[in-house]
Amino acid sequence: MARRNRAGMQLGEAVRVSLKMIRVNKLRAFFTVLGTVMGVTFLIAVITLITGMDSYMKEDFAGKVYGFNSVMLRRRPSVTMTDDAEQWREWHRRQNLTFEDARWLEERMETPGILSINSDRGGKVDGPGGRTLEGVNVSGASASYFTSRDTGVEAGRVFSEQEAERGVPVVVIGKDVADKLFEERSPLGRTVRVEGFPYRVIGILEKQGSLFGMSMDNVVIAPAKSRVNGFVNPHNVVDEITFKVADASLVPRAMAELEGWMRIRHRLRPGEANDFELETASESLAFWNRIATYLMLALPLLVGISLVVGAVVIMNIMLVAVTERTREIGLRKSLGARRRDILAQFMIEAGTLSGAGGLLGIGLGIGLAAVVSAVSPLPARVSPLSIALSILLGVGVGLVAGVYPAWRASRLDPIEALRSE
Amino acid sequence: MSAAREVIIEARGLQKHYQLGSETVRALRGVDLVIARNEYVAIMGPSGSGKSTFMNLIGCLDSPTGGEYILNGHPVAGMSDDELARVRNREIGFVFQTFNLLPRSTALENVELPLVYAGVGKHERRERAAAALRAVELADRMDHRPNELSGGQRQRVAIARALVNTPSIILADEPTGNLDSRTSEEIMSLFARLHRQGQTIIMVTHEQDIAAHAERVVTLRDGAIHSDRRQAPTPARPATALAGA
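Going down the list, the protein sequences come from chains A and B. Everything in the first sequence is counted per the working numbering, starting at 1 for the first residue and increasing by one. Everything in the second sequence is counted per the working numbering, starting at 1001 for the first residue and increasing by one.
Do not rely on the hints blindly, as some may be mistaken.
So the derived label-pair ranges between C-beta atoms look like this [to be verified]:
id, chain 1, residue 1, chain 2, residue 2, range
1, A, L319, B, G1066, 34 to 40 Å
2, B, A1131, A, E416, 32 to 38 Å
3, A, K20, B, E1124, 22 to 28 Å
If you are wondering where the hints come from, they were derived from the structure by calculation, not from laboratory data. For every residue, glycine included, the Cβ atom is placed at its ideal position computed from N, Cα and C.
Please take these sequences and the hints and turn them into a complete structure.
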């Protein structure tokens, strides 16, 4: 009990003394823990950006690409990293999805929801006065696509079911396309040429924003069965059939039902593998999660280097401090400090110093992440776990770096120490 | 009459040898000395006489190479570093020539330091340190830092620090070496008062007129006791002492 009490007082006393030292000599303290500050800054910044990216992927990206609560039916996976030739051959052997597939499914689906189709490809759009845009995302969609994506128009209207079915040459254009081709004038009612085919503009999409810095507004959406069908896809072929349900809890049911119908449609025997892909937002997130995992694995290396450098600097400065304060150490020993008291004092000092550096690094890291997310499309979100980890690392680096100097201090001969100038 | 008093320090054949390269320096060649409670002893000697070595041994800052040293009943020879630290903490109050106060701590915090290492709780520490400062008439300077105090006040803080653990002996090493004569007398009269109150004081000095305040003067020469005589201590009176100097 008495010993614990003593240790406790030592801790409080030593922390107080080292905080006093930091106050007295701020600049030196700062340079001492620069490595810790940098390591922690880096750690916090990267984790903050990854965490931000993570929530962006889950909340924003998934919604923009797949739509919320949707199941996407495709011939091939939308995102892949494989270079397995056999896998590619298998994908190429698969039958295309067609307009008939979409209608057939729509008639049979029992899960309540909206079925929509969409195919897209980069293409050329000509406006009035010889203005031309290359690389516009040309999309052929069903009328239900707009409802399915919760995408509205800021002016005009979207095309109707009938227009989509009959392939009427009308088009809804994105904000960027409208601005670039028509500038200040209203595009509504005017004609644009999509890959050479004339289309009447009937609506302008609400601003969609960007995804990883790529504009989501550089788009034109035309009825799937209009002339674009031959351009974006071979005739009658559909890239993706999306089934949107009202609630996330219905997603598994919709998925199972789509799978069942498609197996019937493609006459697959039990045991035979699916020759189509069913994707949900959460599946594409698995891809992101892998990237995040790689980043997280690289992180310790980068942070580790900073912290090792930081520890070496702290160790050196602490050795200088021990030399400078030899007399104080001698005095403390003459007054009854044991080796372990001196050891504890210097280790706690190093830990406090480095811990303070860690706190500074947390602030700087959050600041850095905020700056990065302000000037780039990368979002930032502070993770509480990374802050706890940083404090732990900060103090830990100090303790590790402090061991040797503190040991040296504790071994000083009090007579020699008292005699030193 | 001193034979009847309780023995505080007992050194028997105390030796200290240093190895300097191939040469053995025999700093102490067998010192026998007995000091009783409430004695006021000055230890003198020219430099190289073994005076400092002897003081380090008495102060438990060092262990003897040979012989025996018993401090207040503790046989010190052969103690480990931690045991020596404990004895220093409990039995000895050091007063240094250069005061050795922690510059960034207040007078009160400086005086508390030995109690920190004794494991005394914060509240009691405060009280005892304050009492020690009152005893050296520095009650109004408790929150001052050393650089806000005069030399004499600093040495009085150091004496308060030496007293705070109620040690068996006060061990003063040239306590007036950094002070002017007037302030030296002030410190000497403080020692005289502590002595009257029953404190055992051992003072290492090379100044004859400072040693004159002690009731016993031990002179070392060539690592051995050269003389050990008792005297009537000079009463510390600043004005007259100053004139005598």
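Against the structure, the hints:
Between L319 of chain A and G1066 of chain B the beta carbon distance is about 36 Å. The supplied range of 34 to 40 Å therefore holds. Separation of A1131 of chain B from E416 of chain A is about 33 Å and conforms to the stated range, judged on CB atoms against 32 to 38 Å. Separation of K20 of chain A from E1124 of chain B is about 23 Å and conforms to the stated range, judged on CB atoms against 22 to 28 Å.
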